[in-house]
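Asks: Protein chains in written order, with my numbering: chain A, 1 to 322; chain B, 1 to 276.
It is worth saying that the hints were derived from the structure and are not from the lab.
Some hints could be false.
Among chain B residues calculated to face chain A with C-beta under 7 angstroms, some are [unchecked claim]:
hint, residue
1, S175
2, A179
3, A181
4, L183
5, A185
6, S186
7, P197
8, L198
9, P201
10, M268
Computed spacing ranges between beta-carbons, pair by pair [stated by the list, open to error]:
hint, chain 1, residue 1, chain 2, residue 2, range
11, B, G12, A, P167, 54 to 62 angstroms
12, B, V196, A, P77, 25 to 33 angstroms
13, B, R269, A, N69, 48 to 56 angstroms
14, A, S16, B, L78, 36 to 44 angstroms
To be clear about the criterion: a stretch of chain A counts as covered by chain B if any three or more of its residues have a C-beta under 8 angstroms from a C-beta of chain B, and this derived list gives those stretches [to be verified]:
hint, stretch
15, 66–76
16, 85–94
17, 160–173
Every value quoted in this text rests on a predicted model; they were computed, and no experiment measured them.
For every residue, glycine included, the Cβ atom is placed at its ideal position computed from N, Cα and C.
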Amino acid sequence: MPAVLELRRVSKHFASHAAVDDVSLSVETGAFYGLLGPSGCGKTTTLRMIAGFESATSGDVLLDGARINHLRPYQRPVSTVFQNYALFPHLTARGNVEFGLRQARTAADEMARRVGEVFDLVHLSGKEDRYPHQLSGGERQRVALARSLVLRPKLLLLDEPLSALDPNLRKQVRAELKALQRQVGITFVFVTHDQEEALSLSDEIAVMHAGRLEQAGSPEDLYVRPCTRFVASFLGEVNWVHGIGVRPESTHISRVAPGNGARLVRGTVERSTFLGNRLHIAARTESGETVVTEVARPDAGFHPGEQVYLWWQPQDELAGLR
Amino acid sequence: MDRLRRAFLAPGVVTLSLLFVAPLAIILLYSFQSRGVYGGVAPEFTGDNYSRIADGLYGAIFLRTFVLAGVATVGCLLLGFPLALFISRAGKRRNLYLQLVMLPFWSSFLVRTYAWMVLLRDTGLINTALTGLGLIREPLPLLYNDGAVFVGLVYGYLPFVVLPLYATLERLDKSLTEAAADLGASPWQTLIRVIVPLCAPGFRAAAVLVFIPCLGAYLTPDLLGGGKTVMAGNLIQNQFTTARDWPFGSAVALVLMLLSLVLLVVWMRTQSEDAL
Chain A
1 MPAVLELRRV SKHFASHAAV DDVSLSVETG AFYGLLGPSG CGKTTTLRMI AGFESATSGD
61 VLLDGARINH LRPYQRPVST VFQNYALFPH LTARGNVEFG LRQARTAADE MARRVGEVFD
121 LVHLSGKEDR YPHQLSGGER QRVALARSLV LRPKLLLLDE PLSALDPNLR KQVRAELKAL
181 QRQVGITFVF VTHDQEEALS LSDEIAVMHA GRLEQAGSPE DLYVRPCTRF VASFLGEVNW
241 VHGIGVRPES THISRVAPGN GARLVRGTVE RSTFLGNRLH IAARTESGET VVTEVARPDA
301 GFHPGEQVYL WWQPQDELAG LR
Chain B
1 MDRLRRAFLA PGVVTLSLLF VAPLAIILLY SFQSRGVYGG VAPEFTGDNY SRIADGLYGA
61 IFLRTFVLAG VATVGCLLLG FPLALFISRA GKRRNLYLQL VMLPFWSSFL VRTYAWMVLL
121 RDTGLINTAL TGLGLIREPL PLLYNDGAVF VGLVYGYLPF VVLPLYATLE RLDKSLTEAA
181 ADLGASPWQT LIRVIVPLCA PGFRAAAVLV FIPCLGAYLT PDLLGGGKTV MAGNLIQNQF
241 TTARDWPFGS AVALVLMLLS LVLLVVWMRT QSEDAL
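Next comes chain A alone, as it looks inside the complex:
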């Protein structure tokens, strides 16, 4: 698949600091691409440079191979779903969706057809004449999506698409968003600080930290083969033993030493929490590091103060981290 979007050594310097520092990445056509990182890591600034709201201090932004640095936001075939949706409060849902089509001077019959289609697509038929304040949070988000999708952009940018939603709603909307992306086949680039959201939605993720790109790759890649300690701990829990990282699910606990070539340390159970179908255990190694693990048999015991072995297979170690 060719790259629809490419960033080449892009930096954004504000007066006092570099918000984005020498970031290069490439997004394949039709992908659901996640920009993941803690707040202030430069992911939103990166998104805004793609949309055209910020201009890159240096480096190139390429869309379909053509440099678009100089294009104003309204000249770019790219559309954004804002974090707060930014629906026009003085226009109905239909008015919001028609806004971009009117700018493009779309003929009336074609406009009506496309608006009807997109309302069907986001399951909002019948609510076309409501004003934003008469819609629920989830409905507002779908209007925002419809408003962008109706323009058939080459790239849809989403800024923290789930953060303004009720937490109970997020998982459902996450699934809908993924299905919608597959259905329309438009490349989605979204920003999030939530690793679970990034892992579940993305075909590919770029992890950012302090303005720099830490690592880009498939969710499995990043989780199983992180390149840096930051990526390893941002994408999930890590037990650090003598500087070596092991995921909790690869860490085992037993009362007798295993004899299968596993790496092992001795430790003392500090806390054990009954979670119904499993037992969550926190132990302290002899060198004072905390190691967590879970046991699938909640009746396995493991009480605080008990001496145990903590072990893992060498191939499960997160190796070569920077």
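With chain A held as given, fit chain B onto it using these hints.
Replies: Just chain B, lined up with the frame of chain A:
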């Protein structure tokens, strides 16, 4: 808590009762009495003052007052909105520009109106300059007409438009203008299709702040209109001074107040329905 709240309310209530409600009651009372021989009122009940207002002459003055105030309001909005927009986008210099808008208030309104006379009269700055440049032979009649009153009113009330419009623009969610640009609207189209409609409450507030005081203006039409351009304010002033007809002046004042109140209520009604 309730007692405290009442304590805070008291000074305002007392001041308004003494300085607003009481004089209004007196004016109401005067307007139904007959004129005294040397000014003041004679204690004789009559409704004549009100029937006199229905006279065509006075009707014309009221009409002229409303038209002039309306045109001046539109002029203020047309000049004030771009200025407010500019200031709201001026970054660090915003406060400086706002201070400059307020600067005229540091000098007397009377002095500033006289300054306009210096600018507009036959031997004033504008006519002298134009004659000097050979563009005109005879001085242009700039002073003592409706145009001069219009200029004076717009000048005087421009700050009252800039401030509420600035406040509205300042509160405008920046992501809305970004969304418009994102959907393909040029800055000009964003202005027409997003910023101006969303500033409707600001326009409404600004219009009221200018229109109402313009209705009661008397200094500007008196000085710049040169007695030819009589507005309701001048009519009232004349009744209390030269004409020595306090009851009629009171009646005119009350009718003007009532008319603007009715107009305001009707207009606010239609506007709030339009808003959604």
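Asks: Each hint should be assessed against the structure and marked as holding or not.
Replies: Consistency of the hints with the structure:
Checking S175 of chain B against chain A: minimum C-beta separation of about 4 angstroms stays under 7 angstroms; hint holds. For A179 of chain B, the interface hint holds, the least distance from its beta-carbon to any beta-carbon of chain A being 4 angstroms, beneath 7 angstroms. Checking A181 of chain B against chain A: minimum C-beta separation of about 4 angstroms stays under 7 angstroms; hint holds. A least Cβ separation of about 4 angstroms between L183 of chain B and chain A falls short of the 7 angstroms threshold, and the interface hint therefore holds.
A cut of 7 angstroms between beta carbons decides the hint on A185 of chain B: the least distance to chain A is about 5 angstroms, and the hint holds. Checking S186 of chain B against chain A: minimum C-beta separation of about 6 angstroms stays under 7 angstroms; hint holds. Evaluation of the P197 of chain B hint against chain A yields a held restraint, the C-beta minimum of about 5 angstroms falling below 7 angstroms. Evaluation of the L198 of chain B hint against chain A yields a held restraint, the C-beta minimum of about 6 angstroms falling below 7 angstroms.
For P201 of chain B, the interface hint is violated, the least distance from its beta-carbon to any beta-carbon of chain A being 11 angstroms, above 7 angstroms. Checking M268 of chain B against chain A by beta carbon gives a least distance of about 18 angstroms; that is not within 7 angstroms, so the hint is violated. For G12 of chain B paired with P167 of chain A, a C-beta distance near 46 angstroms fails the hint of 54 to 62 angstroms. Distance hint for V196 of chain B and P77 of chain A: a CB-CB separation of about 27 angstroms, consistent with the stated range 25 to 33 angstroms.
Against the hinted window of 48 to 56 angstroms, the Cβ-Cβ separation of R269 of chain B and N69 of chain A comes to about 51 angstroms, which satisfies the hint. A hinted range of 36 to 44 angstroms holds for the C-beta pair S16 of chain A and L78 of chain B, which are about 41 angstroms apart. Coverage of the stretch 66–76 of chain A by chain B holds [criterion: at least 3 residues with CB-CB distance below 8 angstroms; count 3]. Coverage of the stretch 85–94 of chain A by chain B holds in this model, with 5 residues showing a Cβ closer than 8 angstroms to a Cβ of that chain against a need of three.
Counting residues of the stretch 160–173 of chain A whose beta carbon lies closer than 8 angstroms to any beta carbon of chain B gives 0, which falls short of the minimum of three for the stated coverage.
Violation of the numbered hints given earlier is confined to hints 9, 10, 11 and 17; the remaining hints are satisfied by the structure.
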